[in-house]
Amino acid sequence: MQSFELLRAADPSAAIAAASRSATAQQGASVRFLAGGTTLVDLMKLGVEAPHLLVDINRLPLDGIGRAADGGLRIGATARNSDLAHDPIVKAEYAALSQAILSGASTQLRNAATTAGNLLQRTRCLYFRDTATPCNKREPGSGCSAIDGANRMLAILGTSEHCIASNPSDMAVAMLAYDAMVHIQGPQGERQVAIADFFLLPGDTPDRENVLQPGDLVTHVTLPPPEVGARAAYLKLRDRVSYEFALVSAAVSVTMAEGRMASVRFALGGVGTRPWRVPAAEASLIGQPPGEAAFRQAADLALAGARPQSQNGFKIELARRCLVHALNQVTR
Amino acid sequence: MSDPTSNPFSAVEPNSDLLSVVLRINGASHALQIDPRATLLDCLRDTLQLTGTKKGCDHGQCGACTVHINGRRRNACLALAAVHEGDEILTIEGVGTPDRLHPLQAAFVARDAYQCGYCTSGQIMSALALLQEPCGPGDDEVREYMSGNLCRCGAYANIVAAIQDVRGQS
Numbered sequence: 001m002q003s004f005e006l007l008r009a010a011d012p013s014a015a016i017a018a019a020s021r022s023a024t025a026q027q028g029a030s031v032r033f034l035a036g037g038t039t040l041v042d043l044m045k046l047g048v049e050a051p052h053l054l055v056d057i058n059r060l061p062l063d064g065i066g067r068a069a070d071g072g073l074r075i076g077a078t079a080r081n082s083d084l085a086h087d088p089i090v091k092a093e094y095a096a097l098s099q100a101i102l103s104g105a106s107t108q109l110r111n112a113a114t115t116a117g118n119l120l121q122r123t124r125c126l127y128f129r130d131t132a133t134p135c136n137k138r139e140p141g142s143g144c145s146a147i148d149g150a151n152r153m154l155a156i157l158g159t160s161e162h163c164i165a166s167n168p169s170d171m172a173v174a175m176l177a178y179d180a181m182v183h184i185q186g187p188q189g190e191r192q193v194a195i196a197d198f199f200l201l202p203g204d205t206p207d208r209e210n211v212l213q214p215g216d217l218v219t220h221v222t223l224p225p226p227e228v229g230a231r232a233a234y235l236k237l238r239d240r241v242s243y244e245f246a247l248v249s250a251a252v253s254v255t256m257a258e259g260r261m262a263s264v265r266f267a268l269g270g271v272g273t274r275p276w277r278v279p280a281a282e283a284s285l286i287g288q289p290p291g292e293a294a295f296r297q298a299a300d301l302a303l304a305g306a307r308p309q310s311q312n313g314f315k316i317e318l319a320r321r322c323l324v325h326a327l328n329q330v331t332r
Numbered sequence: 001m002s003d004p005t006s007n008p009f010s011a012v013e014p015n016s017d018l019l020s021v022v023l024r025i026n027g028a029s030h031a032l033q034i035d036p037r038a039t040l041l042d043c044l045r046d047t048l049q050l051t052g053t054k055k056g057c058d059h060g061q062c063g064a065c066t067v068h069i070n071g072r073r074r075n076a077c078l079a080l081a082a083v084h085e086g087d088e089i090l091t092i093e094g095v096g097t098p099d100r101l102h103p104l105q106a107a108f109v110a111r112d113a114y115q116c117g118y119c120t121s122g123q124i125m126s127a128l129a130l131l132q133e134p135c136g137p138g139d140d141e142v143r144e145y146m147s148g149n150l151c152r153c154g155a156y157a158n159i160v161a162a163i164q165d166v167r168g169q170s
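Line order of the protein sequences matches chains A and B.
Residue numbers for the first sequence follow UniProt numbering, so the first one is 1 and each next one is one higher.
Residue numbers for the second sequence follow UniProt numbering, so the first one is 1 and each next one is one higher.
Only chain B is shown next, with the shape it has when bound in the complex (with noise of 0.2 Å):
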């Protein structure tokens, strides 16, 4: 094994099993001590109480908790937070205010996008991220990219009626 001194995770004490990390959330910097098993989505949840991001699945199947790391979306249930120490992460609570709502917040609403609301913010981070992505224009390939985020109350047509309204699409 290499130098352990070269290990750039530390405990928070000797002998103890939580690490020091500083996440970067919503802009702002989080100084932590945190158990090597958090995911990101128990972080987030339990120790920050950034409850906007959902536990659905925990296992990378439905999309509930998905975030932006350095611009980007993954399902937080299945990274390791101490892993992100020094990326950028972005939650639902860095996007839109209920006073300024986010364009695609405003148009989820405008379009009753939801019925029980649970996947609604999984549903927005993976639309926000998909404005900047290789996405063609119609409703199939809206339907394509949003297949990782699963609603079971299946709102799915106002979910890429909304999008669309948003990319200027029909």
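Isolated chain A (complex conformation) (with noise of 0.2 Å):
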């Protein structure tokens, strides 16, 4: 591991003064934020990450977990995933997040693992973890060993001719069906970005996975309130029952009215180069009973413009049939 400074920040503001004068947040930053240091410190000994200087941030006061002012919920970016995942509000009214998360890593990883650190994962592209192979994501322009490679954990969606690398995140698939808002404290003052927005396509810069600039530090995250009378559910599909990224999941939450479906929300996980969610597959459920064929045509429409690489082309029927299956779940 590369030698590095350690600082404890006194507050946020003093965080931000130290991270912003990283050229950049993204891959190659030379100030990285320390939480709880389970995506980091394992890259750090691999050598795909090696900053100058590590901001600790785990004694600011970001990890608490609430009843936001508009009846939503307000989770600190220091929270652990264990207290949100066992959290008694996400429990009762954002199941599927609970669900998400308590279906990735260990019970220790979930102890150490933050909100603003699951949400800044980084992929579990062999190639990304490995420095003696080219990696357009890790260094830019040397190309990808994917695309003809072992891919079949990667991405179908999202991806370009110059990354497939799958987003590895639970949480954050759950979080997009909640309609989550990120928000940031960076060098220019505050602001919130939709979650929908917060994750970038790999196009030809797959080396920037999110929209954070020098500085930048996710302080918290919201999601609006529940939605009365939803039913929600985590569906992962994988290939151990326990401790294993997603081949494919789904985060679905749909309320009723009058034997019709008044409101749909999914979001899927493994498929894509950053969490996926299609409005109009939602939509086109949105008056209509629960049923097969109506699951299996929105199904169709989220998985639209799938692309697969040789060895994952199986995870397009598998994901349609995650998502149907756990759009049965919740309708039953």
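Keep in mind that the hints are not guaranteed to be accurate.
Claimed, not checked - Calculated Cβ distances over 10 Å to all of chain A for the following chain B residues:
{"no.": "1", "residue": "ASN7"}
{"no.": "2", "residue": "GLY56"}
{"no.": "3", "residue": "ASP58"}
{"no.": "4", "residue": "PRO137"}
Claimed, not checked - One-sided excerpt, in silico: chain A residues whose CB lies under 8 Å from chain B:
{"no.": "5", "residue": "SER3"}
{"no.": "6", "residue": "LEU6"}
{"no.": "7", "residue": "LEU7"}
{"no.": "8", "residue": "SER30"}
{"no.": "9", "residue": "GLY37"}
{"no.": "10", "residue": "THR38"}
{"no.": "11", "residue": "VAL41"}
{"no.": "12", "residue": "GLN108"}
{"no.": "13", "residue": "LEU109"}
{"no.": "14", "residue": "ASN111"}
{"no.": "15", "residue": "ALA112"}
{"no.": "16", "residue": "ARG238"}
{"no.": "17", "residue": "SER242"}
{"no.": "18", "residue": "PHE245"}
{"no.": "19", "residue": "ILE286"}
{"no.": "20", "residue": "PHE314"}
These aren't lab readings, by the way, just hints derived from the structure by calculation.
Don't be surprised by glycine CBs; every beta carbon is placed ideally from N, CA and C.
Reconstruct the complex from the two isolated chains, following the hints.
See the structure below:
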């Protein structure tokens, strides 16, 4: 691991000032915020990340979880994944979020991992993690080893000729379905970004994964008030029953009125270069009675434009069935 | 950058790469001079010779390095030691002794819940935490809660049985 200086920021402003000296907040950043460390320390050991300065934000007062003024939920950036998953409000009113978090990683990792760290976790693409191989995300312009390599776990949606890395988060998929807002404090002040706009498609700059600029500190995430009567679930399909990343997953939430679907939200994980949501697919179900044919049609819309690689074509049908099954679960 | 003098991480001496930290481990304070890169795992094993905590994968994938930090189980390989100054750290050395085994340790012996034993301290630290966590009563729930601890000898069935013995579940 490359040497670095360790700083414990006295307050968010000090952390932001320190991080704003980095030329980028994306791949290759010279300053990184350190929270749970479950992604960052791992990648520093691999030589994928090599910051000169680590700013410890664990003691900043950013770990609260509580009701927001509008009746929604306010989730601190350094709230631990375990605390969020087991929070009584989350379990009762945002069930898909609790289930999504508990379906990921292990208890030890969830006790360390934080809200913002989970949002910013990096792809598990083998080549991103292996500095001996070309990877456009890690080293722009070096090429993509995955397109002609081991790509079974990788993305079928949102890919480019430069990168097919899948986003590995479960939490972010549920947050996307719930219309989460990411709150950022930066050198120029505060702003908020809808989670749908927070993650960038790889295009020809796969090293840029989100909208964060140097010095930007995610301070918290908010969820809008829960929909009355909604039934929600997170369904994750994977190679092992526990402690494994998703092949495909679906976060769904549906409310019913007089036997018909009144509101429908869903997002897919494991298939996209970012958590994947298709509003037209959700809208296709509004006003319809629940049923296999309608669900199947919505799934087709959600998977429209999917581009299989040499080893992951199975994900298209698996994702369809995952979504249909999850929708069946919450409308029975 | 903020006033550097406000940084509570203090170098051993000017221009030194080493930091002076005091770690609380198994109820005792240890004043140490460590590299900022030192993980809690390496610090325990190589600086303090507390070698009961094992290094398996060193990447947060196997659970052999599980310790408790402020009462919660964590992977020591992904924790930078200096960051945990002031935290209460519990390792396997703080859980029972050869003469007075913790009930979990006795249950692992009684159930033969290991073969090579390399993962065992991590298994026991995870199981000890599980006793305080919202884990359901069934074997499947124990398996889920223990999935962050790999056992390449495959002693899983007996590990679950040992934990259930201590929990009083069948």
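**Message:** If you test the structure against every hint from before, which numbers come out violated?
**Reply:** The structure breaks hints 1, 3, 8, 16, 18, 19, 20; every other hint is satisfied.
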